[in-house]
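Protein chains: 2
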Amino acid sequence: MAESNRAWIFEQPPIRDDFDTALKFRDWPMPEAGKDQVLVKTLYLSLDPANRRWMAGPTYMPQIPTGLPMWGFVLGEIVKSNSDRFQAGDIVGGVGTWSDYAVMPAEGLDKIADLGGMPLHAAMGLFRGPGGTAYVGVVDIGQLKAGQTFVVSGAAGSVGSLAGQIAKILGATVIGIAGSAEKCAWLTDDLGFDHAIDYTREDVEQRLRELCPKGVDVYFENVGGAIGNAVAANMAKFGRIAVCGLTAQYNEERASVGLDVMPLLLNGCTMQCFILYDYLDRIGEATAKIAGWYAQGRIKYHADITEGLENALSAFKRLFQPGAPHKGKMMVRVDRAAN
Amino acid sequence: MAESNRAWIFEQPPIRDDFDTALKFRDWPMPEAGKDQVLVKTLYLSLDPANRRWMAGPTYMPQIPTGLPMWGFVLGEIVKSNSDRFQAGDIVGGVGTWSDYAVMPAEGLDKIADLGGMPLHAAMGLFRGPGGTAYVGVVDIGQLKAGQTFVVSGAAGSVGSLAGQIAKILGATVIGIAGSAEKCAWLTDDLGFDHAIDYTREDVEQRLRELCPKGVDVYFENVGGAIGNAVAANMAKFGRIAVCGLTAQYNEERASVGLDVMPLLLNGCTMQCFILYDYLDRIGEATAKIAGWYAQGRIKYHADITEGLENALSAFKRLFQPGAPHKGKMMVRVDRAAN
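Sequence lines, in order, name chains A and B.
One gets our numbering by counting positions in the first sequence from 1 and adding 3 to each.
One gets our numbering by counting positions in the second sequence from 1 and adding 3 to each.
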């Protein structure tokens with residue numbers, strides 16, 4: 004067991020995208036596990052747009068306390084267990100911290116099952132969060148049917164890239180919206196999307212009008228703002244919007260560009276917001292389906308891995324930079340030996 | 004049969020609220036009924052915020068053509084019928100024009116059934132449009148349950164005043180948002196709302212936080228804009244928004260104040276837009292329920308009647324003026340003899 008620990012400390016909620024004053028990288032005392040707690044060595048740290056919201060105020064979780072390590076989803080190895088549920092060497096997933104080591108309550112952790120030859124990080128990047136969110140958003144919230152037109156924004160991200168592939172498997176025409184020509188080429192050439200729109204260079208509303216003259220049946224919303232309005236203006240009669248995220252406004256206290264509801268009213272559309280925490284009973288089905296599709300070669304999984312905890316912040320910033328290189332699930336390999 | 008006809012001619016789509024150049028009052032030729040058409044003498048003309056949208060572009064109806072009489076819902080008496088379905092003297096309802104007389108296709112008209120002693124205008128102000136819209140919005144779209152907290156904006160309007168009363172009958176705590184102290188007093192003192200908020204003098208978001216610390220379960224949205232955001236910020240977990248209208252932005256090409264979706268995302272809320280035309284199969288149940296409640300004295304109906312077709316425009320403008328006197332269903336008595 005290593006003697007030293009390092010952590011990104013959450014100093015204060017960021018103003019807009021000033022993450023440099025919000026997070027500071029420090030040596031940090033090795034924590035000690037108390038009753039029903041475990042000491043976890045972080046293998047992978049997940050970087051998600053939702054982390055930005057956790058900094059800003061209470062969400063489905065309390066606001067992150069200042070002066071302590073920043074929170075994030077992690078995969079880790081148990082070093083010491085004070086719980087009957089786990090023993091040293093177990094690989095677990097849950098909400099941990101941006102640190103080499105963390106003490107976590109045992110009850111919040113899940114043991115990671117055998118992944119059948121896939122790399123460990125697939126437990127964080129393909130199954131669980133991203134896969135569960137994509138599946139629930141397309142199937143339960145979007146209620147997508149074969150033959151419909153499906154649009155997803157943030158399409159090159161972890162959830163978006165899976166949502167589009169799932170929609171394709173379910174028989175939809177799939178259009179992705181992403182922030183660079185490279186990402187768009189990845190969506191159509193590698194992932195099988197029917198079309199992709201580069202919002203940094205194309206007029207999204209106009210392109211959608213051309214690509215879907217009958218309108219968009221299901222929109223998987225990851226970004227909000229101007230892109231959300233461009234899709235809303237193209238919804239089909241009785242279209243459905245599944246709101247998973249609003250990354251365009253995560254750095255704002257109040258939305259600078261709100262949603263124009265008028266086109267939704269004229270078409271009798273429904274917009275349903277969802278958080279995976281409210282659909283945990285659906286994770287089992289989602290995981291089984293995605294594993295099967297992956298085994299059949301019908302879903303591709305791409306991890307965007309940054310090496311080293313010290314580089315977590317620069318990677319996190321890329322989540323909020325239009326056009327920054329970023330494909331698939333963004334994560335940090337904290338333990339260089341992790342597969 | 005009168006020899007002369009008058010009409011409000013739709014000259015051009017209004018810029019914002021410049022209705023004076025959009026509509027001109029003129030003598031107009033007496034129309035002649037063709038095959039399967041009827042000549043109708045207008046008794047009552049309905050004035051609705053939706054009429055503003057009809058001017059602006061295609062909706063669930065084609066855009067109103069310029070140079071011809073303005074469209075509106077009417078109650079009228081058939082003067083001459085070229086249809087097997089109707090005969091002279093029948094009282095009918097449907098989409099007519101702002102004129103003393105109009106020729107209408109027989110297939111678009113409904114014969115008005117006996118109203119059991121109620122004034123004829125209740126067929127336009129209590130049943131059909133307003134009652135059907137209020138009932139579908141509360142029951143089908145809002146899915147309101149007893150014990151929940153229900154908020155309605157545009158609460159002193161035809162639909163809002165009925166929606167709040169229906170929600171009260173169904174066992175909800177009911178809060179209305181309206182644009183004057185007089186309207187608010189009417190809601191609480193006459194119609195039995197639990198609370199009313201005067202948005203011209205009170206901070207709606209703050210007042211809702213005080214009145215519903217557990218959040219709003221169902222919001223019946225008639226106005227949008229800043230009021231819509233104030234309610235959205237107070238929604239309960241899994242709350243539902245039934246969007247019936249967006250009067251705050253009917254005079255805008257694009258919403259100047261869009262909806263901040265973030266609080267809806269954090270609470271897993273659903274927003275469903277609806278237009279009564281898509282729920283015509285629900286009108287029968289709505290009418291039966293409302294008639295029963297009215298007979299029991301549990302629903303009050305108020306018609307805001309302007310006398311004389313020549314005064315239609317000044318009454319219509321009041322629909323869009325915050326604080327203008329206006330309670331219940333706004334209409335024009337076109338035939339002074341109508342009951």
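Keep in mind the hints are simulated off the structure, nothing from the lab.
Heads up, a few of these hints could be off.
Copies of the same chain look alike in the list, so a pair counts if it works inside one copy or between any two.
No more than 35 Å apart at the CA atoms, straight line, and that leaves these computed lysine-lysine pairs for DSBU-like [to be verified]: (1) K83 to K148; (2) K330 to K38; (3) K330 to K292; (4) K240 to K320; (5) K217 to K27; (6) K303 to K330; (7) K148 to K44; (8) K38 to K148; (9) K27 to K292; (10) K38 to K292; (11) K83 to K240; (12) K148 to K240.
Margin query: For K303 and K330, with the copy left unspecified, which applies at a CA distance of at most 35 Å: within, between, both, or neither?
Written below: Classified as within: same-chain Cα gap 12 Å, cross-chain 59 Å, threshold 35 Å.
**Prompt:** Is the C-alpha distance from K217 to K27 at most 35 Å within one copy, between copies, in both cases, or in neither?
**Reply:** Neither: 50 Å inside a chain and 37 Å across chains, both beyond 35 Å.
Q. Quick one: K83 to K240, C-alpha cut-off 35 Å, is that within a copy, between copies, both, or neither?
A. Result: close neither inside a copy nor across copies, 56 Å intra and 38 Å inter.
Please sort K148 with K44 into within, between, both or neither, judging by C-alpha distance up to 35 Å. neither (43 Å within a copy, 48 Å between copies)
Practice item. Can you give me the call for K330 and K38, within, between, both or neither, at a CA distance of at most 35 Å? Key: neither (40 Å within a copy, 64 Å between copies)
**Report entry** Intra- versus inter-copy proximity for K148 and K38 (alpha-carbon distance at most 35 Å)
**Finding:** neither (49 Å within a copy, 44 Å between copies)
Status of K240 relative to K148 across identical chains (alpha carbons, at most 35 Å):
both (15 Å within a copy, 27 Å between copies)
What label fits K27 with K292 when the C-alpha limit is 35 Å: within, between, both, or neither?
This pair counts as neither: shortest intra-copy Cα distance 40 Å, inter-copy 63 Å.
**Prompt:** Should K240 paired with K320 be assigned to within, between, both, or neither, using CA atoms and 35 Å as the limit?
**Reply:** between (38 Å within a copy, 30 Å between copies)
Q. Between the shortest in-copy and the shortest cross-copy C-alpha distance, which are at most 35 Å for K83 and K148: within, between, both, or neither?
A. Neither: 48 Å inside a copy, 49 Å across copies.
query: Is the C-alpha distance from K330 to K292 at most 35 Å within one copy, between copies, in both cases, or in neither?
result: within (22 Å within a copy, 55 Å between copies)
**Q.** Copy assignment of K38 with K292, given that the CA separation must stay at most 35 Å
**A.** For K38 and K292, the Cα distance exceeds 35 Å both inside one copy (37 Å) and across copies (60 Å).
In the structure shown, a violation is registered for the earlier hints numbered 1, 2, 5, 7, 8, 9, 10 and 11, in ascending order.
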